[in-house]
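Colleague: Here is what each chain is made of, one letter per residue.
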Amino acid sequence: MVLTIVSYIASLHLYRQHRRIYTTPVIISTLVVIVFLLLFQVPYETYMIGGKWIDRLLGPAVVALAYPLYQYRKVLKEMFVPIVTGTTVGAVVGIGSGLLLSKWAGFSNLIIHSIVPKSVTTPVAMSISESTGGVMPLTAVFVMIAGIGGMLIHPLVMRYSGLTHSVGRGVGMGSASHAIGTAASMERDALEGSISTVAMVLSSVIVSIVAPGLTLLLL
Amino acid sequence: MLHNGIIIPTQIALLYGIYLIGKGIQNLFDLFIPGSVIGMILLFILLSFKVVPEWLLQRGITFMIRHLPFFFIPATVGIISYAYVFKGKGMLLIGIGLLSTVLVMALAGLVTQWMVRRREEA
Chain P
29 MVLTIVSYIA
39 SLHLYRQHRR
49 IYTTPVIIST
59 LVVIVFLLLF
69 QVPYETYMIG
79 GKWIDRLLGP
89 AVVALAYPLY
99 QYRKVLKEMF
109 VPIVTGTTVG
119 AVVGIGSGLL
129 LSKWAGFSNL
139 IIHSIVPKSV
149 TTPVAMSISE
159 STGGVMPLTA
169 VFVMIAGIGG
179 MLIHPLVMRY
189 SGLTHSVGRG
199 VGMGSASHAI
209 GTAASMERDA
219 LEGSISTVAM
229 VLSSVIVSIV
239 APGLTLLLL
Chain D
8 MLHNGIIIPT
18 QIALLYGIYL
28 IGKGIQNLFD
38 LFIPGSVIGM
48 ILLFILLSFK
58 VVPEWLLQRG
68 ITFMIRHLPF
78 FFIPATVGII
88 SYAYVFKGKG
98 MLLIGIGLLS
108 TVLVMALAGL
118 VTQWMVRRRE
128 EA
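Protein sequences, first through last, are from chains P and D.
One rule links them: number in my numbering = place in the first sequence (from 1) + 28.
One rule links them: number in my numbering = place in the second sequence (from 1) + 7.
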């Protein structure tokens with residue numbers, strides 16, 4: 029646990045000095061911890077004796093997301109129907125395409141269940157994965173792919189799809205690339221960023237409701 | 008600083024309490040929605056109806072959200088037990104993840120944009 033805290037604080041400092049995608053604290057600290065464990069041949073189970081205390085805080089961290097939703101309740105109220113509709117479309121497309129593509133490629137159900145919740149923020153994705161029979165660490169990696177990938181691809185998607193409206197861009201980003209994408213949106217445009225925040229939180233609610241049923245239907 | 012050292016853990020403990028209530032509701036009704044998400048909805052309702060004042064939880068929440076990545080490091084580290092999944096054919100999964108992300112982004116965004124534009128014209 030001390031190891032995690034130290035590597036997190038160190039990587040946070042690094043990130044503040046060099047803002048790059050590959051210096052994102054999660055990536056660096058995860059790598060540091062993994063290298064440490066491999067170097068000193070500490071089994072993951074041993075590490076998790078302390079690590080599980082941090083893991084337990086994922087639940088309350090999800091609860092805390094109610095706050096940004098509350099802060100942006102005005103935006104949410106004004107654009108309720110378009111945002112909810114767009115986010116729902118995103119949730120269904122995200123679950124459906126992830127599931128069907130990986131099923132078609134012949135991957136096992138364990139992997140499919142882990143890829144399904146990839147477009148929502150890590151703590152929620154992990155809870156969904158856990159309750160539908162996926163593997164939490166795998167889900168975390170898929171969430172990372174959706175987040176970092178989406179952030180990089182966003183400009184291209186916007187250019188070729190004619191996505192020009194800030195509200196549309198925000199919903200697209202929030203429902204596809206959760207927190208990592210939202211941070212990028214926030215830097216570009218405050219409205220896009222706050223819409224993205226709302227879409228991210230709403231999307232985690234909608235995906236957690238839709239995922240179990242849709243998975244059952246398509247698998 | 009010392010002040011925060013007491014307030015933040017207390018507020019996080021309160022959030023944990025809400026999470027436990029959410030989990031309780033999940034178990035009680037045998038729901039498939041994660042307890043944490045139920046807790047989130049619950050807190051949103053409590054805040055909206057001013058049952059819970061903002062100041063009561065604000066600092067703990069701000070702290071947690073700012074350091075959100077920290078809380079999933081242990082789970083992400085777990086990938087060392089599953090690294091084999093991404094070998095060989097597993098590389099395809101990265102492509103699947105990206106393709107699916109592009110689809111979500113474009114479709115969710117375009118549907119929203121279309122609806123917002125229609126409203127603005129009306």
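Think of the hints as simulated: they come from the structure by calculation, not from any bench.
Treat the hints with care, as some may be off.
Said to hold, decoys possible - Below, computed lysine-lysine pairings styled on DSSO-like, alpha-carbon distance capped at 27 Å:
hint: 1; chain 1: D; residue 1: K96; chain 2: P; residue 2: K80
hint: 2; chain 1: D; residue 1: K94; chain 2: P; residue 2: K131
hint: 3; chain 1: P; residue 1: K102; chain 2: D; residue 2: K57
hint: 4; chain 1: P; residue 1: K131; chain 2: D; residue 2: K30
hint: 5; chain 1: D; residue 1: K57; chain 2: D; residue 2: K30
hint: 6; chain 1: D; residue 1: K57; chain 2: P; residue 2: K105
What you are looking at is a predicted structure, and each value in this text was computed from that prediction instead of being measured.
Colleague: Now tell me, hint by hint, if it's right for this structure.
Modeller: Outcome of the hint check:
1. D:K96 x P:K80: 31 Å, violated
2. D:K94 x P:K131: 17 Å, holds
3. P:K102 x D:K57: OK: K102 (chain P) and K57 (chain D) at ~15 Å, within 27 Å.
4. P:K131 x D:K30: Judged against 27 Å, a Cα distance of about 31 Å means the pair is violated.
5. D:K57 x D:K30: 23 Å, holds
6. D:K57 x P:K105: Holds. K57 (chain D) to K105 (chain P) sits at ~17 Å (cutoff 27 Å).
Checked against the numbered hints above, the structure breaks hints 1 and 4 and satisfies the rest.
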